[in-house]
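Q: Take a look at the letters that make up each chain.
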Amino acid sequence: MNGAFGFLLRFACVERERSDSHFKITLGLLAVSLTLMRPSPLLAELGDPMKGQSLFVSKGCVECHAVRGAGGRVGPDLGRAAVKSSFYEIASAMWNHSLGMEEKMREFRVVRPRFEGDELADLLAFLYFLNYFDEPGDPQVGKVLFAEKHCIQCHSLGKQGGSTGPRLDTIPRGTPPLRIAQDLWNHGPVMVPAIRQYGFDVPQFKGSEIVDLFAYLRSQGQRQAAKDFRSAGDPQSGKRLFESKGCARCHAIFDKGVDIGPDLGKSDLRGSVTQLAGRMWNHWPAMSQAMTTLGMSVPTFKNEELADVFAYLFIARYDGRGGNPERGKEVYARKACSSCHGPMGYGGVGPSIRSDQPEPKERVVQRMWNHAPKMYKTMGLKGIDWPRFEPQDMADLLAFITAETTVKPAHPAQQGAPSR
Amino acid sequence: MKIERRHFIGMAVGATAGVAFGTPAARIVTDVLSSADSPYFPPKGREGFALSVCAMCPGGCGVRARRIGGRVVKLEGNPLHPVNAGRLCLKGQAALQALYHPDRIPGPMRRVGERGKIESFKRVTWDEALGAVGAQLKGLREKGHPESLAILAGGTTGVDRRTARRFLRAFGSPNEIPIDRWGAAATLAMQMGQGVQAVPAYDLQSCDYVLSLGSALLEATSSPVHTMRGWGAFRQGRTGRRGKFVHVGPHLSITGASADEWISVRPGTEGIFGLGVAAVLAAEGLYHRDFLSEHTAGFEDTLDEAGRRGPGMRDLLESRYGLESVSGATGVSVHVILRIAREFSAAPRSLAIGPLRGFLIPGSLHDHLAAQVLNALSGNLDQPGGVLVSEDVPLKPWPDLPSDPIAESGLKTPRVGETGSADTPFIASDPESFADAVVAGGSYPIETLFVIGADPAFATAAPEKFAAAIQKIPMVVSFAQLPDDTSLLADWILPQPHFLERWDLHTTPPGVPYALVSLAQPALAQPLHDVRTVSDVLIGLAHGLGAPVSDAFSPDGLQGLLRLEMDGIYQAHRGAVMGTQFDEAWVRMMENAGWWVPGYSSADELWTKAKESGGWWDPFYDHGDWNRVVRTRSGQYEFPVRALAAGAASRQARKSSAETGPLTLHLFEPLPIAGGSGAELPFLQTMLDPGLEERWGTWAEIHPETAAAIGVGDRQWVKVASSTTSIIAYARVTPRVVQGVIAIPLGLGKRGGGRWAAGVGENPLRLLAGARDPLAGIPDFDGTEVTVMPAGTRGTAAGEERRA
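These protein sequence lines are chains A and B, in that order.
If you're matching positions, the first sequence starts at 1 in our numbering and goes up one per residue.
If you're matching positions, the second sequence starts at 1001 in our numbering and goes up one per residue.
Hints were generated in silico from the structure; no laboratory data involved.
This one's a predicted model, so the numbers in the text were calculated from it and none came from an experiment.
Just to be clear, a hint being listed does not mean it is correct.
[As the list claims (entries may be wrong)] Looking from chain B toward chain A, a few residues come up when the C-beta cut is under 8 Å (computed):
# : residue
1 : V1196
2 : A1198
3 : A1585
4 : W1586
5 : M1589
6 : N1592
7 : G1594
8 : Y1621
9 : G1624
[Unchecked claim] Below, a list of computed lysine to aspartate or glutamate pairs in the EDC-like style, where the Cα atoms sit at most 20 Å apart:
#  : chain 1 : residue 1 : chain 2 : residue 2
10 : A       : K159      : B       : E1584
11 : A       : K143      : B       : D1622
12 : A       : K143      : B       : D1290
13 : A       : K51       : B       : E1584
14 : A       : K159      : B       : D1625
15 : A       : K51       : B       : D1604
16 : A       : K159      : B       : E1294
17 : A       : K143      : B       : E1294
18 : A       : K51       : B       : D1622
19 : A       : K51       : B       : E1612
20 : A       : K59       : B       : D1604
21 : A       : K143      : B       : D1625
The beta carbon of each residue, even a glycine, is placed where N, CA and C say it ideally should be.
Please work from the sequences and hints to get the whole structure.
A: Here it is, written out as structure tokens:
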């Protein structure tokens, strides 16, 4: 079973057994189901983010790169750099910085890390999942937002606030943001009319405002009851819920599905799941109207359901739109890969970039990464610039490399290429 | 004896060490080499490592033991352990000497001759020892007097304390007598001000200014390495931001010498100085107004329902701690008090630390309260860089005890030596009051005493009284590794394993804010001697007593207990197994944001990973969780106005007495022998005070002018006499101490403790006259008046020999 899927399921598993006396049975059934369940193509190649976290340290990445402030400061902070919300964005960024990194590593006399087995897949999974979680919000900013967004008119916190809505200082301090978002969403049918009755606009959240607001709500709660629920969601369950709750009747994901509502694969819907929850809330008035028109009722969520749906959406974005082998062939030629690796990638000056066996894209990127030091030298001698890839270029290139081809490789000697 | 090449190398190393450390060290090396199980010759065999927890002090450092063949050859800090992050202090480094100490008790022993000599003990089997002790316990319960059993316990945060407490409750006795002194007064201050019973945890690494009111921060804090890590970050860990440290006290200790500024005050006036600073803050409005209004009570005057005015903290400061008054009491100029107050208020994050003076010396409650007042005024209670309260460790509670009428009856009896009163309501009992009650014949007799992890006949404020009390108890059982002073007076000695020979589960050390659990594993396949842990012994005794006492413990033994407790960690859904600094930052950030990423999917996996890493912890500290850190009736920090008003008189009285004839005794604890342990190990004896180059003996520090006035010269033997007894010490005339004071280290002068401790130096605790802190009710280690004169005799024979 792939690691990332297990990673999210582990959240659910640990969460849901809690004080369940049948924990062992539950765990056993889950293990069986994990073994028997055929992973969806979207999930099949994800690495294990937990292993990736260890690799981030053991491979020395942490010496130069921080993750949201923790780690070195030579390279960019990978938790705060421009958001990378698909495998191809991370892989292309990693490849593009390879040359600069090589120079820095020489300067600092650091050995370049090599990756074996599934290591790079695990590392990339870790980097991908960084976007799932939010940075801690700022309760002070949240306090201001609580007043600015008029929450204080209806809800009380401590000794201040209105009494129309429920008290909010009963939220435990450890409540995960998605749980609060779920309560907010479910509260919509009551809250939105009430807000309008007061003459206010329904609050909209930009950027990390919702994270700060939730941080403020959590900071006022009791700690004692805080450790109960921290699930990050089960993507399999989320996929089912996406259908059963009617989301799929309006929303497509990367053009797959109905296009009444916004495509949830759109790049402007990226960000952490809490920010996504904020956008979902912003969408509430328009959506409720549209659903009424379609004769649907606005879905509500219970237990961990919203977390499950977001886990599904988050995992679904990993592959993005995917690549096109034909465009990849064009990229291959345009970036001068063919000058060393042969016109179809079966080798030339450089080695064959194709594998005898079907190979996940993460493995291809891993081979590219490990091969890079030799490339520097060869390309330097030939005066060829280091190839840089846009995320879509990388997706197309990998699609080309991993695609089956009927063109048989000619022996290098027959091609007139020098023997390696 | 055949001399092989490796023997020759070992002796060469010994000779080199002798040159390096002086003649005594050479003799020690010879002593050690002559022991049967010398660790100094390179062993042969496979290399291996084991993770454990240092038990040389309560600090709870994680250690990594390197083993070659069947011998542990090196101890290093566990780099993943959050307390010490790979560092280890000199006591931890010396722990191997304790493991291979030639005088360790080899097996259970029964006294057959007069008390006080190891020769009076005869080796017996465990069956014989446990049979005799079990029969005695059975008799107590059969007579319906389980309360006649007492357990006096000290030591570390391991499972033995928890087992002992449960055993006592299942057996039916209320007489658990804690001997831990560290943080006792500081804990009382927290209880009075914040309503929580916790040692304050100081966030050194995040603050900018520290005012130490007589603390021994860098010598004998509960977790020295953790404190020193915080200190390092405070001074040098932040680019462009070096914290300032000001130490107030009568003695230039290691802490004082490390400070940016030492403000020498008359003994016992550190708290007065602190309140003088607080008075300036109040008068000049240099306090945190928002914090005071939101989170404190009692700063301003109050009116009760009848309209009567109650003075607030501001009133007390204005009326009693004016600049001139404080200057007169402390001997510090008005300008210095003003400057310190303004510096304290100007720094972004200022912290006052009370007189945490050592493992044995709790410091004065008055002075701890003064520090707390300063922290409240600067608004840094439970803030980054401020005073934190340790998070609870979510160990799984043991099952409820079975119903037992005999135990319930015994538990209803009052403790022997109960000391709580209307004035000192927080103190339940202490070893001194227990000894008093036993000697005086209290309300009921103590028939059996277990002494665990403590040496009360040496390291209490009344060692002689305790020795007398022991002789009145029919059965005294000492759980010890070495024949210490208490063991030599006991009836049975049940030998304890070294920490490298056992499993254990330690909880957060006092003074560390994070919840953590450290798993100790044996580094040796088999203990070197015929030893059993306290837990194993007590569980065995419980099972021997039959139901319902036996039902208190599962038949799985010690490891079963540890696994049970760890299940609570798994179910807590927080924290992570110990990891790198990156892991720490990651977990902290995630939990701060409301997420938790479990690094384990089952309790078994958690156990396995805890063994591999050293334990579990939760690095996230939730600042400003007022419901947890303030539990007073008002829900706010309450300024201790009445207590400070009551304490002011006693502090003033002490000040005036220091100016007259007798000198004021100031005791301190050098790190190598802090807590009354360490003198047993020669490596530690050789480095008692690097500054004065003192070792292998008790010295007394006297100011040059004081020394001249009483006719004492440097390096001269002096007799120090109190109203109870006198000791001989080696005078060191030095400006490290203020006039009118004599400073003497604690930790030497044992009767037992093995060949390297017995008879070396003097125990100055014998000089104490039984005074108690007027506010706290706990023994007062300070302020004893002594006379000092040149001695006609020299020091103790053993000390003389070593010193020579």
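Q: All hints are to be evaluated individually against the structure, with a verdict given for each.
A: Structure-based check of all given hints:
1. V1196: 13 Å, violated
2. A1198: Since chain A brings no Cβ nearer than about 15 Å to A1198/B, farther than 8 Å, the hint is violated.
3. A1585: 3 Å, holds
4. W1586: Cβ of W1586/B sits 6 Å from chain A, so the hint holds.
5. M1589: 6 Å, holds
6. N1592: Where the cut-off is 8 Å and the nearest Cβ of chain A is about 4 Å from N1592/B, the hint holds.
7. G1594: 4 Å, holds
8. Y1621: Hint on Y1621/B: violated, closest Cβ of chain A at ~11 Å, above 8 Å.
9. G1624: Where the cut-off is 8 Å and the nearest Cβ of chain A is about 7 Å from G1624/B, the hint holds.
10. K159/A / E1584/B: 36 Å, violated
11. K143/A / D1622/B: 18 Å, holds
12. K143/A / D1290/B: 16 Å, holds
13. K51/A / E1584/B: Holds, because 16 Å separates the two Cα atoms, which is no more than 20 Å.
14. K159/A / D1625/B: Measuring from Cα to Cα gives roughly 16 Å; hence the hint holds.
15. K51/A / D1604/B: Status holds; Cα separation ~19 Å.
16. K159/A / E1294/B: Judged against 20 Å, a Cα distance of about 12 Å means the pair holds.
17. K143/A / E1294/B: 16 Å, holds
18. K51/A / D1622/B: 28 Å, violated
19. K51/A / E1612/B: 16 Å, holds
20. K59/A / D1604/B: 28 Å, violated
21. K143/A / D1625/B: Holds. K143/A to D1625/B sits at ~16 Å (cutoff 20 Å).
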